[in-house]
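When you number the sequence shown by our numbering, it's gap-free, plus one each residue, and the end is 130.
Note that these hints are calculated values from the structure, not bench results. Here a beta-carbon is modelled for each residue, glycine too, at the ideal position from N, C-alpha and C. Watch out, some of these pointers could steer you wrong.
The calculated label-pair distances, taken between Cβ atoms and stated as ranges, are [what the hints assert, rightly or not]: (1) Gly26 <-> Arg106: 34 to 40 Å; (2) Trp30 <-> Arg124: 20 to 26 Å; (3) Gly92 <-> Thr48: 28 to 34 Å; (4) Pro33 <-> Arg126: 32 to 38 Å; (5) Ser101 <-> Ser3: 15 to 21 Å; (6) Thr56 <-> Val31: 31 to 37 Å; (7) Val103 <-> Asp21: 28 to 34 Å; (8) Leu6 <-> Asp112: 16 to 22 Å; (9) Gly96 <-> Ala37: 31 to 37 Å; (10) Gly96 <-> Pro33: 31 to 37 Å; (11) Thr85 <-> Trp116: 21 to 27 Å; (12) Thr54 <-> Thr25: 40 to 46 Å.
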Amino acid sequence: MTSASLAVQGLVAAALAAAADLTVTGVFDWVAPDAVAPYVTIGADAVTDWSHKTGTGHEHRVQISVWDDRPGTARLKALAAAAETAVRTVTGTRDGHRVASVVFARAVFIKDPNGWSQAALDFRIRTEQL
Numbered sequence: 001m002t003s004a005s006l007a008v009q010g011l012v013a014a015a016l017a018a019a020a021d022l023t024v025t026g027v028f029d030w031v032a033p034d035a036v037a038p039y040v041t042i043g044a045d046a047v048t049d050w051s052h053k054t055g056t057g058h059e060h061r062v063q064i065s066v067w068d069d070r071p072g073t074a075r076l077k078a079l080a081a082a083a084e085t086a087v088r089t090v091t092g093t094r095d096g097h098r099v100a101s102v103v104f105a106r107a108v109f110i111k112d113p114n115g116w117s118q119a120a121l122d123f124r125i126r127t128e129q130l
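Sequences and hints are given; from them, build the entire structure.
Here is the structure:
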């Protein structure tokens, strides 16, 4: 299970980093102390069994967060749309796991009183172990 989660994280990170419309300063698996906005973080995630008659599988609930320090949410929502598009296109295999499907579940936009805004995007990604 752990390697399935790491494989999905790697595929998602690569898709986000390659997205031309996602103009952020970085893609991190946690908020870097010196990160400059806007940036993207991967996580939290939860993994459950998605095995079937013919093989082993996992269902990953993955959250992608886009962070911005500008007032308002126009830029944040544009970046969130680019991140959503990038994650929806995740395909392929990594470390013995193949992506079977990617489904966008929801987006929540949160404004922090200190001026930061966050777009939290939730996805369901199913993988099959090769």
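Here is what the structure says about each hint:
Taking 34 to 40 Å as the suggested C-beta distance range, the pair Gly26 and Arg106 does not conform, at roughly 24 Å. In this structure the supplied range 20 to 26 Å holds for Trp30 paired with Arg124, their Cβ-Cβ distance being about 22 Å. At about 22 Å, the beta-carbon gap between Gly92 and Thr48 misses the expected band of 28 to 34 Å. In this structure the hint that Pro33 and Arg126 lie 32 to 38 Å apart at CB holds, the actual value being about 34 Å.
Remark: the range hint 15 to 21 Å for Ser101 to Ser3 is upheld by a beta-carbon distance near 19 Å. Between Thr56 and Val31 the beta carbons are some 33 Å apart, a value that agrees with the proposed interval 31 to 37 Å. Separation of Val103 from Asp21 is about 21 Å and departs from the stated range, judged on CB atoms against 28 to 34 Å. For Leu6 paired with Asp112, a C-beta distance near 30 Å fails the hint of 16 to 22 Å.
In this structure, Gly96 and Ala37 meet the distance hint of 31 to 37 Å, their C-beta atoms being roughly 36 Å apart. Evaluation of the 31 to 37 Å hint for Gly96 and Pro33 yields a pass: the beta carbon distance comes to about 34 Å. Between Thr85 and Trp116, the C-beta spacing of about 23 Å keeps the proposed range 21 to 27 Å intact. The given range of 40 to 46 Å is respected by Thr54 and Thr25, whose C-beta atoms sit roughly 43 Å from each other.
Hint violations for this structure: numbers 1, 3, 7 and 8, all remaining hints satisfied.
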